[in-house]
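J.: Position 102 of the sequence shown, counting from 1, maps to 102 under the working numbering, and the rest follow consecutively.
It should be emphasised that the hints constitute simulated quantities derived from the structure, not laboratory data.
No residue lacks a Cβ here, since even glycine has one placed at the ideal position from N, Cα and C.
Be aware that a few hints might be false.
[What the hints assert, rightly or not] Pairs of lysine-lysine, BS3-like flavour, derived with a Cα cap of 30 Å: (1) Lys157 with Lys89; (2) Lys178 with Lys75; (3) Lys157 with Lys178.
[To be verified] Here are the computed distance ranges between Cβ atoms for each label pair: (4) Met47 with Leu15: 36 to 42 Å; (5) Asn166 with Met47: 36 to 42 Å; (6) Asp73 with Glu123: 22 to 28 Å.
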Amino acid sequence: MSSYTVRNVGALNTLEWRAFIEKDGVPVSPFHDIPLYADEKKTILNMIVEIPRWTNAKQEISKDDFMNPIKQDTKKGKLRFVRNCFPHKGYLWNYGAFPRPENQFAFSGECKNAKYAMDVVKECAEAWEKLMSGQSPANGISLANSTLDTNRAEPAKLEAIPSASNLPPAPIDGSIDKWFFISGASV
Numbered sequence: 001m002s003s004y005t006v007r008n009v010g011a012l013n014t015l016e017w018r019a020f021i022e023k024d025g026v027p028v029s030p031f032h033d034i035p036l037y038a039d040e041k042k043t044i045l046n047m048i049v050e051i052p053r054w055t056n057a058k059q060e061i062s063k064d065d066f067m068n069p070i071k072q073d074t075k076k077g078k079l080r081f082v083r084n085c086f087p088h089k090g091y092l093w094n095y096g097a098f099p100r101p102e103n104q105f106a107f108s109g110e111c112k113n114a115k116y117a118m119d120v121v122k123e124c125a126e127a128w129e130k131l132m133s134g135q136s137p138a139n140g141i142s143l144a145n146s147t148l149d150t151n152r153a154e155p156a157k158l159e160a161i162p163s164a165s166n167l168p169p170a171p172i173d174g175s176i177d178k179w180f181f182i183s184g185a186s187v
């Protein structure tokens, strides 16, 4: 089993912060270098955690940036955060994505079974293969990676990614860490 590590660049809660995923000290793309399956026979999938539970910062994998680091989401140039809902802080669960994305599906509010879900995963994996082979348009997604034969990043570009800085998180506005309550009144 391979292990991945995180290279934090910049201070968390800033526009400059990036989290690069590494394997053996080399940055990898969470979109293209991490396999979809951890164990295909048991249908165990890998997941990229973009937002760890109990945290407030809304983070996402950058589809545009070189090697697709995780960065904090913004709206109108400001960092985005989720509010606390008493008695919890931030997100109640790990939030993330499967590697090798290319999905354009929706469920129209219908419940689906496990077979349907796995069919969607397989369909998305096939769409990713078409994306990486040039059979589908990239639509602005950075295809740079460090393990595949197609679109492999040059070693010099990988070396240009700053080393880990492990700075303390920047302070956030006190209103972010404020508790919000859900009333028992019906809406």
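J.: Look at each hint and say if it fits the structure.
T.: Now the hints, each set against the structure:
Our distance criterion of 30 Å between C-alpha atoms is broken by Lys157 and Lys89, whose separation comes to about 38 Å. Under the criterion of a C-alpha separation no larger than 30 Å, the hint pairing Lys178 with Lys75 is consistent with the structure, at around 20 Å. Taken as a hint, the Lys157 and Lys178 pair is broken in the structure, with Cα atoms around 41 Å apart against an allowance of 30 Å. Range check, Met47 to Leu15: about 26 Å between beta-carbon atoms, so the 36 to 42 Å window is missed.
Between Asn166 and Met47 the beta carbon distance is about 24 Å. The supplied range of 36 to 42 Å is therefore violated. In this structure the hint that Asp73 and Glu123 lie 22 to 28 Å apart at CB holds, the actual value being about 27 Å.
Checked against the numbered hints listed earlier, the structure breaks hints 1, 3, 4, 5; every other hint is satisfied.
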